[in-house]
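Visitor: In order, the protein sequence lines correspond to chains A and B.
Position in the first sequence counted from 1, then plus 917, gives you our numbering.
Position in the second sequence counted from 1, then plus 519, gives you our numbering.
Be careful, since some hints might not be right.
The calculated lysine to aspartate or glutamate pairs, modelled on EDC-like cross-linking and capped at a C-alpha distance of 20 Å, are [to be verified]:
1) A:K1007 to A:E973
2) A:K1035 to B:D668
3) B:K726 to A:D923
4) B:K810 to B:D691
5) A:K1035 to B:D688
6) B:K717 to A:E926
7) A:K1035 to A:E969
8) B:K726 to A:E926
9) B:K717 to A:D923
10) A:K1035 to A:D1015
11) A:K1035 to A:E1060
12) B:K553 to B:E865
Treat the hints as calculated values from the structure; they're not laboratory data.
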Amino acid sequence: MGMIKDIVEGGWSLIAGMWVTIRRIYRPVVTVQYPRECLDMSPAYRGHIEFEQFPETGSHNCVACGTCMRFCPTNVIKVQGEKTHTHSEKRASLYFIDFSHCSLCGLCVVNCPTQTLKFSGEYELAHYSRWDGVIDLIQRLEESA
Amino acid sequence: MANEFLEPITEQTFYLNMGPQHPSTHGVLRLFLKLDGEYIVEADPVIGYGHRGHEKMAESHLYEQFLPNSSRMDYLAGLIFNHGYVAAIEKMAGIEVPPRAEYIRVICAELNRISSHLLWFGTYVMDLGGFTPFLYSFDDRENILDILDRVSGSRLTYSYCRFGGVARDVDDEFITATHQFVERLRSRWDDYHNLVTKNVIFIHRAKDVGVINRELALRFGCTGPILRAAGVPYDVRKAEPYSVYSELDFEIPTGTKGDALDRYLVRVQEMEQSLHIIEQALERLPDGAIKAAVPHKVRPPRGDYYFAVESARGAVGFYIVSDGTSYPYRLKARVPSYGNLQVLTEVLPGTLVADTISILGSIDIVVPEVDR
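For reference, chain A alone in the conformation it holds in the complex:
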């Protein structure tokens, strides 16, 4: 008698579980067919860093102080600056990041004294060579402008 009860109860539990699945068939489809359709990235999304373009100057405000370089846990950033003439402020002439080492922690963005760094919305960042991960931010800014 106990065995029959077990079989009935166990069988019913399987039917109840199957019913959950069957009901699901009539729910709307939520899958997005990437790459044919893309979702919008969230405003906080962290891609690799890039320069902010300030409307006053039409360019970045990097003074090549090297704070980002020193705070980076994995030495992703290389920055060099030069003065155009003797009394001018220093400006970045070289700014390279090696994205393949970047952990997107955001310490560079937080610590930048001139707030000229921001996260980009790039997410398709797979590449074939390790050199494809090296990004020239100054060139990137010029191309986007």
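Using the hints provided, position chain B relative to the given structure of chain A.
Guide: What follows is chain B alone, placed relative to chain A:
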């Protein structure tokens, strides 16, 4: 139960390597099993395949620079590890955190706890042979990841907590999305119970399997759902309340026997309690600053400090020795999975190989957290 069939037909035993590449070990864990037929005589978990030297890495990094490492120890509950590390430094340096930041941290940490439990739920049932619940739980987990992505900008390894606060403020959309998620998950419990909890096959695979009783759990230093399933109501959030948990009302679900089914039920009830915490925290979320004024480089005073938080798998402790500079002299992370994993040496002998999957799954280890 399994022992009564174990007759010494032959003295011949053999060794079997389960892992390091095995789909149900969820990482690179090697279980060295001595078998007598289908029964396990000895079990030895071999760890260290994923050792990255996080603790050593901390010694050569600024306190700030170690922040991204903390969420990479346990990638499923990264925000809770983040919270633990940041709170440890705040205790060392005496930084006051604004109340809004504390509430945001609690909301996000509880969301992260639910996402970790949902992932465990899906993969555990998949290990036992049920594929459908996996898709359901990942559907719900996806919602949490979207919510956390909105505030932290990342889906798995959030470096969201900062010394003295959080990196980004939450907006109204976050609050409504979280409320919607709480309602949505509450409406899904019936489906989960019909699919899994009441399922006869699941009950047979989980009931009386891998009993970790009170003594065993205490002897091996198990924490988290394993200890609570054995009937010990220990939760760091209640035992040593940190952040704003002392102001929030929640219960600690406990089991009685400590078998795999108890551990399953404890985790499912914990998710409900986390929803309860999130609702209260959202209601009380104060206005104000999200970050205290903190110097660029934190230099905690000389001394040693310990701070513990409750992650999805148990108590996480950060023991940090400071020599007064901006680099830690020594950082030791006490992780829950390490103690929880070692208990396998006592639990596995005498069980069937098929039950190993069930026991290992029900313990819910994250191997990178064990190896660090």
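Visitor: Broken hints, numbered, in rising order?
Guide: No hint contradicted; all consistent.
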